Amino acid sequence: MLAFLATLEPERDASAKAIAWRLRRAARKLDTEVRRRLAPLGMELWELEILSGLRRAGGTLTVGELLDVAQLTSGAITNRVGRLERNGYVRRDVDPADRRQVLVTLTPSGLERQQQAVEANDAAEQEVFSAIDPALQQRLSGDLRELLLAIEGPDPNA
1 MLAFLATLEP
11 ERDASAKAIA
21 WRLRRAARKL
31 DTEVRRRLAP
41 LGMELWELEI
51 LSGLRRAGGT
61 LTVGELLDVA
71 QLTSGAITNR
81 VGRLERNGYV
91 RRDVDPADRR
101 QVLVTLTPSG
111 LERQQQAVEA
121 NDAAEQEVFS
131 AIDPALQQRL
141 SGDLRELLLA
151 IEGPDPNA
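Residues 1 to 158 (UniProt numbering) make up the sequence shown, in order.
Note that these hints are calculated values from the structure, not bench results.
Some hints could be false.
Stated by the list, open to error - Only pairs whose alpha carbons sit at most 25 angstroms apart, straight line, appear in this in silico DMTMM-like list of lysine to aspartate or glutamate: (1) 17 - 31; (2) 17 - 146; (3) 29 - 85; (4) 29 - 98; (5) 29 - 146; (6) 29 - 49; (7) 29 - 95; (8) 29 - 152; (9) 17 - 152; (10) 29 - 122; (11) 29 - 143; (12) 29 - 44; (13) 29 - 93; (14) 17 - 143.
Said to hold, decoys possible - Label pairs and their calculated CB-CB ranges: (15) 16 - 99: 46 to 54 angstroms; (16) 93 - 68: 18 to 26 angstroms; (17) 67 - 112: 51 to 59 angstroms; (18) 144 - 40: 28 to 36 angstroms; (19) 128 - 68: 35 to 43 angstroms; (20) 150 - 99: 42 to 50 angstroms; (21) 93 - 151: 13 to 21 angstroms; (22) 139 - 111: 31 to 39 angstroms.
Note that the structure is a prediction, hence the values are computed from the model and not measured.
Note that beta-carbon positions come from the ideal geometry of N, C-alpha and C, so glycine has one too.
Using the sequences and the hints given, assemble the complete structure.
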């Protein structure tokens, strides 16, 4: 694609496009492999993200905090939390300190489910990146961190 673009517009700087295309391809490959590993568990990627967000937070978040973690709309988070609750992976309670807030809490079954998903996710990551020399993996990780800092700003969780 880049060679074709260079023949059409040789004066064009395609550096940003090259980075974007390569990042998208790598992300698609990783996403596909993670989904393939989660499928036998009957799990989708969003479930891993929500359950892991709850675990990182110590097991409980308000719905508003969960919105930020999952980067979903309020309607989507309500539907997904409802599905997780029906399956016994989370519980919803009114916040006793602020009755306007709903707390979402990871259940023991949800913690077990999250651990299964993390194992599947880790296996997918290992498989995708296993062909890459460990030194290159370290350089890529550092370079991608710098890229994210440059385009997003400092992240206290980085």
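Structure-based check of all given hints:
1. 17 - 31: Distance ~21 angstroms between residue 17 and residue 31 Cα, so the pair holds.
2. 17 - 146: holds (18 angstroms)
3. 29 - 85: violated (31 angstroms)
4. 29 - 98: violated (43 angstroms)
5. 29 - 146: holds (22 angstroms)
6. 29 - 49: With a Cα-Cα distance of about 18 angstroms, the restraint between residue 29 and residue 49 holds, given a limit of 25 angstroms.
7. 29 - 95: Answer violated: residue 29 to residue 95 is near 41 angstroms, above 25 angstroms.
8. 29 - 152: Roughly 23 angstroms separates the two Cα atoms, so the pair holds.
9. 17 - 152: holds (18 angstroms)
10. 29 - 122: The given pair, whose Cα atoms are some 14 angstroms apart, holds under the 25 angstroms limit.
11. 29 - 143: holds (19 angstroms)
12. 29 - 44: holds (16 angstroms)
13. 29 - 93: Violated: residue 29 and residue 93 sit about 38 angstroms apart, past 25 angstroms.
14. 17 - 143: holds (17 angstroms)
15. 16 - 99: 46 to 54 angstroms: holds (49 angstroms)
16. 93 - 68: 18 to 26 angstroms: holds (19 angstroms)
17. 67 - 112: 51 to 59 angstroms: Violated, at about 25 angstroms.
18. 144 - 40: 28 to 36 angstroms: holds (29 angstroms)
19. 128 - 68: 35 to 43 angstroms: violated (28 angstroms)
20. 150 - 99: 42 to 50 angstroms: holds (43 angstroms)
21. 93 - 151: 13 to 21 angstroms: violated (38 angstroms)
22. 139 - 111: 31 to 39 angstroms: holds (35 angstroms)
Against the hints set out earlier in the document, violations occur for numbers 3, 4, 7, 13, 17, 19 and 21.
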